[in-house]
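Asker: Order-wise, the sequence lines are chains U and R.
When you line the first sequence up against this note's numbering, it's residues 57 to 521, in that order.
When you line the second sequence up against this note's numbering, it's residues 57 to 521, in that order.
The reader is advised that the hints may include incorrect statements.
Calculated lysine to aspartate or glutamate pairs in the EDC-like style (CA-CA distance at most 16 Å, straight line) [unchecked claim]: (1) R/Lys246 x R/Asp132; (2) R/Lys442 x U/Glu323; (3) U/Lys488 x U/Glu439; (4) R/Lys73 x U/Glu139; (5) U/Lys460 x R/Asp199; (6) R/Lys101 x U/Glu90; (7) R/Lys116 x R/Asp126; (8) R/Lys76 x U/Glu117; (9) R/Lys134 x U/Glu139; (10) R/Lys101 x U/Glu268; (11) R/Lys84 x U/Asp199; (12) U/Lys116 x R/Asp132; (13) R/Lys73 x U/Glu424; (14) R/Lys434 x U/Asp258; (15) R/Lys460 x U/Glu323; (16) R/Lys246 x R/Asp222; (17) R/Lys319 x R/Asp294; (18) R/Lys116 x U/Asp199; (19) U/Lys435 x R/Asp199; (20) U/Lys460 x R/Asp294; (21) R/Lys170 x U/Glu117; (22) R/Lys134 x U/Asp132; (23) U/Lys246 x U/Glu268; (24) U/Lys134 x R/Glu139.
Derived list of chain U stretches under chain R, where covered just means 3 residues or more per stretch with a C-beta under 8 Å from a C-beta of chain R [stated by the list, open to error]: (25) 289–300; (26) 313–319; (27) 489–502.
I should point out that these hints are in silico values taken from the structure, not numbers from a laboratory.
All residues carry an ideal CB built from backbone N, CA and C; glycine is no exception.
There are 2 protein chains.
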Amino acid sequence: MKAQLGGEEGKHKFVLKTPKGTRDYSPKQMAIRERVFTAIINCFKRHGAEVIDTPVFELKETLTGKYGEDSKLIYDLKDQGGELLSLRYDLTVPFARYLAMNKITNIKRYHIAKVYRRDNPAMTRGRYREFYQCDFDIAGQFDPMIPDAECLKIVHEILSDLQLGDFLIKVNDRRILDGMFAVCGVPDSKFRTICSSVDKLDKVPWEEVKNEMVGEKGLSPEAADRIGEYVQLHGGLDLIEQLLQDPKLSQNKLAKEGLGDMKLLFEYLTLFGITGKISFDLSLARGLDYYTGVIYEAVLLQQQNDHVEDPVSVGSVAGGGRYDGLVGMFDPKGRKVPCVGVSIGIERIFSILEQRVEASEEKIRTTETQVLVASAQKKLLEERLKLISELWDAGIKAEILYKKNPKLLNQLQYCEETGIPLVAIVGEQELKDGVVKLRDVATREEVNIRRENLIEEIRMRTSQL
Amino acid sequence: MKAQLGGEEGKHKFVLKTPKGTRDYSPKQMAIRERVFTAIINCFKRHGAEVIDTPVFELKETLTGKYGEDSKLIYDLKDQGGELLSLRYDLTVPFARYLAMNKITNIKRYHIAKVYRRDNPAMTRGRYREFYQCDFDIAGQFDPMIPDAECLKIVHEILSDLQLGDFLIKVNDRRILDGMFAVCGVPDSKFRTICSSVDKLDKVPWEEVKNEMVGEKGLSPEAADRIGEYVQLHGGLDLIEQLLQDPKLSQNKLAKEGLGDMKLLFEYLTLFGITGKISFDLSLARGLDYYTGVIYEAVLLQQQNDHVEDPVSVGSVAGGGRYDGLVGMFDPKGRKVPCVGVSIGIERIFSILEQRVEASEEKIRTTETQVLVASAQKKLLEERLKLISELWDAGIKAEILYKKNPKLLNQLQYCEETGIPLVAIVGEQELKDGVVKLRDVATREEVNIRRENLIEEIRMRTSQL
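Given only the sequences and the hints, what does the whole structure look like? Please build it.
Answerer: As structure tokens, this is what we get:
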């Protein structure tokens with residue numbers, strides 16, 4: 057049996073790796089990840105959100121027709137008899153399915169979970185095939201732009217709180233985009249595919265996007281050029297006012313609606329005091345099919361060292377928007393539930409913080425152990441076990457070395473390495489005297505504490521830590 | 057575009073459900089789940105564990121040959137080009153892969169994550185296809201049975217802490233089982249498959265297990281009968297002593313080793329004061345292939361209402377054991393890292409607690425909101441937004457209704473329904489006077505608080521909650 061389980065015959069030719077685009081998190085990485093999650097969850101709770109969870113996979117048909125050109129990136133499960141399943145691609149579609157299935161028309165919830173995309177990973181830049189999304193969404197029929205403004209406030213709070221440096225939140229509206237496409241002469245049937253092309257503007261130059269529109273997607277060069285003029289525009293309330301006066305756009309019903317709401321949004325953002333980091337940007341398109349109104353995306357900015365130019369974007373860390381039609385796609389009667397939400401992508405944020413920790417040589421503790429139960433002499437394992445059992449039962453975080461007769465030096469070194477602040481030392485004399493020697497690892501001070509007072513003493517000493 | 061996104065044409069024939077054997081967690085269920093996780097994580101941290109995370113899927117070959125007859129329950133991903141992947145079946149094999157891959161020979165870690173098994177779900181009894189495991193493992197070369205005893209202490213602490221009623225932790229050792237098989241006349245090649253049969257004894261009667269051993273697996277009826285006598289035995293130190301004197305077993309090297317270690321284990325468990333809930337049980341086999349030493353399983357006991365018989369088991373809630381060969385299966389040179397661990401299954405625990413909450417009519421809050429920012433008059437949306445923004449920025453958990461002119465009654469009802477304890481009311485007069493009316497929802501008392509003192513007042517009032 058031992059042979060079967062990896063004895064000498066166990067020299068298999070395993071490829072020892074995680075699947076492409078995925079990774080493990082070590083204890084140190086988990087400690088950093090927890091900091092990020094705590095900041096995000098605190099913000100979501102500050103805004104009164106409940107929390108839900110959904111399965112990692114959905115019926116394949118639940119995901120069908122929701123993601124446009126990105127659908128090819130969905131992971132399918134093998135057909136092993138039974139239902140056809142796919143791994144979730146985001147948390148928004150499962151949320152909409154959850155609302156329709158449970159006939160919920162009004163909820164503010166967050167959901168933090170991993171999603172899956174068969175994309176080309178760029179792991180050094182924080183792009184993975186398995187990655188976390190932290191979603192906050194408000195579902196329900198409400199007065200215009202109040203929940204939308206809160207979503208942007210949330211992005212602003214989280215990015216400020218995490219101290220990631222300068223950032224910019226770009227805002228646009230699908231109705232403004234569609235109105236713009238209409239007045240530029242894009243046929244209705246090409247709206248979504250042209251929108252996908254515009255979405256690439258943050259990664260490739262305009263000329264390339266234009267080539268795709270004209271060459272691949274059959275748009276006239278004139279229409280493309282007209283789009284090219286609009287998508288250069290970005291600004292604030294002034295730009296909104298200007299476009300409301302635009303002779304062509306102002307004639308388009310959708311664009312006018314979108315611009316009206318954008319103005320209202322900026323008024324609310326002014327009350328929140330956050331317009332300094334918000335840019336109304338006509339080039340923002342967002343890839344996903346399901347958006348129907350306001351859309352937004354937050355990017356981190358990096359001051360170039362050797363340039364006096366504007367700071368450049370180092371990538372998107374949050375995005376979202378309004379999707380008023382998605383829940384209706386799941387409802388047997390097509391009943392809609394208006395929704396708006398935001399998704400924080402932590403992988404890039406995590407990369408930045410991890411690099412910062414590495415650079416700072418900050419020592420991160422990966423356990424919370426308060427005390428090591430040690431002995432200076434041999435044959436005291438039983439006494440160590442009795443003492444640590446008392447400590448555990450009193451809620452003290454305590455460890456022992458798993459050796460019958462560990463050397464005191466090794467026990468002290470273990471504390472130094474792992475950051476355990478206290479050592480409770482049992483010895484023959486201490487046992488006779490009914491005391492335990494409590495050692496402060498940092499100062500090396502040792503005091504005898506009566507056994508019955510030990511728990512209280514440890515609690516007191518570690519409460520300030 | 058709206059039509060595409062679930063307008064009138066959106067009346068699709070969707071099957072609105074989660075995949076077979078899976079479920080969503082509602083906010084209320086999440087609140088209960090968080091309580092369970094908190095108890096478990098607190099215990100793991102109390103014992104000095106670090107935390108890691110691994111991807112939800114592994115290379116298919118990583119899981120191959122680790123689970124014996126249960127391998128057929130593994131979910132495979134569809135071959136979409138690239139690597140062949142499977143969803144993790146447990147957290148133990150990914151842990152072993154992690155250790156081998158990172159050449160870690162010494163770690164104490166916990167990992168809480170979902171695992172996947174294409175089993176026949178019995179969701180009312182807490183058996184799912186997607187379910188959480190909460191694993192604690194100690195890897196490293198240590199003196200015998202010290203880490204093993206700690207794992208049992210952890211199970212005891214968690215089950216006591218969660219107040220799930222009476223429980224029993226059954227303990228056995230694979231070496232004792234194998235020794236027993238040998239002295240009963242089971243050929244070496246049939247050890248694992250006969251072990252799988254014994255594993256069914258907690259669900260089916262001995263006669264059925266015997267039929268499987270003899271009929272399906274070709275064991276002689278005499279050998280089966282000899283096994284049948286041993287597997288009835290359960291007890292404590294007395295039984296260990298008795299078996300150490302057993303004329304056949306005491307001649308078998310493996311059994312003798314196992315019994316010697318079992319005796320040591322019971323000595324340590326006596327020091328921990330937990331032998332009252334531990335039973336050395338020769339019928340405990342555990343299904344998985346990779347165990348090499350001590351194995352254990354915790355079951356909840358239920359006193360039968362109308363019987364004076366012994367309490368009956370209502371199912372396993374934790375299990376684990378020693379697997380000294382698994383890491384070596386992944387190491388190119390077969391280098392072993394001894395490991396022992398325990399896995400807490402929360403689904404059944406969760407079911408019990410959920411039923412208890414339902415029965416008790418305990419009201420569970422699903423948000424932590426401290427204050428609702430409200431207004432008694434119309435046209436005060438801007439003032440509400442300004443105030444709530446101040447509160448958010450000060451770290452106060454606050455909500456508003458997303459209406460331009462909500463009725464005061466609706467605002468107060470929202471607080472009653474969701475358990476928000478305070479309402480901060482802005483009105484024309486309050487604005488003039490530089491105050492906010494702070495209302496205690498429970499007592500209906502209202503006091504004017506100067507605006508500059510509001511944050512302090514809310515903090516003070518909600519700190520006792």
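Asker: Look at each hint and say if it fits the structure.
Answerer: Taking the hints in turn, this is what the structure says about them:
1. R/Lys246 x R/Asp132: violated (28 Å)
2. R/Lys442 x U/Glu323: Holds, at about 11 Å.
3. U/Lys488 x U/Glu439: holds (12 Å)
4. R/Lys73 x U/Glu139: holds (11 Å)
5. U/Lys460 x R/Asp199: holds (6 Å)
6. R/Lys101 x U/Glu90: At roughly 14 Å apart (the allowed maximum being 16 Å), U/Glu90 and R/Lys101 satisfy the hint.
7. R/Lys116 x R/Asp126: Given pair R/Lys116, R/Asp126 holds - Cα atoms ~15 Å apart, limit 16 Å.
8. R/Lys76 x U/Glu117: holds (14 Å)
9. R/Lys134 x U/Glu139: holds (13 Å)
10. R/Lys101 x U/Glu268: Roughly 55 Å separates the two Cα atoms, so the pair is violated.
11. R/Lys84 x U/Asp199: Violated, at roughly 27 Å.
12. U/Lys116 x R/Asp132: holds (15 Å)
13. R/Lys73 x U/Glu424: violated (41 Å)
14. R/Lys434 x U/Asp258: violated (43 Å)
15. R/Lys460 x U/Glu323: holds (14 Å)
16. R/Lys246 x R/Asp222: Cα-Cα ~36 Å, so violated.
17. R/Lys319 x R/Asp294: Cα-Cα ~10 Å, so holds.
18. R/Lys116 x U/Asp199: violated (51 Å)
19. U/Lys435 x R/Asp199: holds (13 Å)
20. U/Lys460 x R/Asp294: Since the Cα atoms of U/Lys460 and R/Asp294 sit roughly 25 Å apart, the hinted pair is violated (cutoff 16 Å).
21. R/Lys170 x U/Glu117: This hinted pair is violated, its Cα atoms lying about 23 Å apart.
22. R/Lys134 x U/Asp132: Holds, at about 6 Å.
23. U/Lys246 x U/Glu268: Satisfied, since the Cα-Cα distance of roughly 13 Å is no more than 16 Å.
24. U/Lys134 x R/Glu139: Answer holds: U/Lys134 to R/Glu139 is near 13 Å, not above 16 Å.
25. 289–300: violated (count 0)
26. 313–319: violated (count 0)
27. 489–502: violated (count 0)
Taken one by one, the earlier hints fail for this structure at numbers 1, 10, 11, 13, 14, 16, 18, 20, 21, 25, 26, 27, listed in ascending order.
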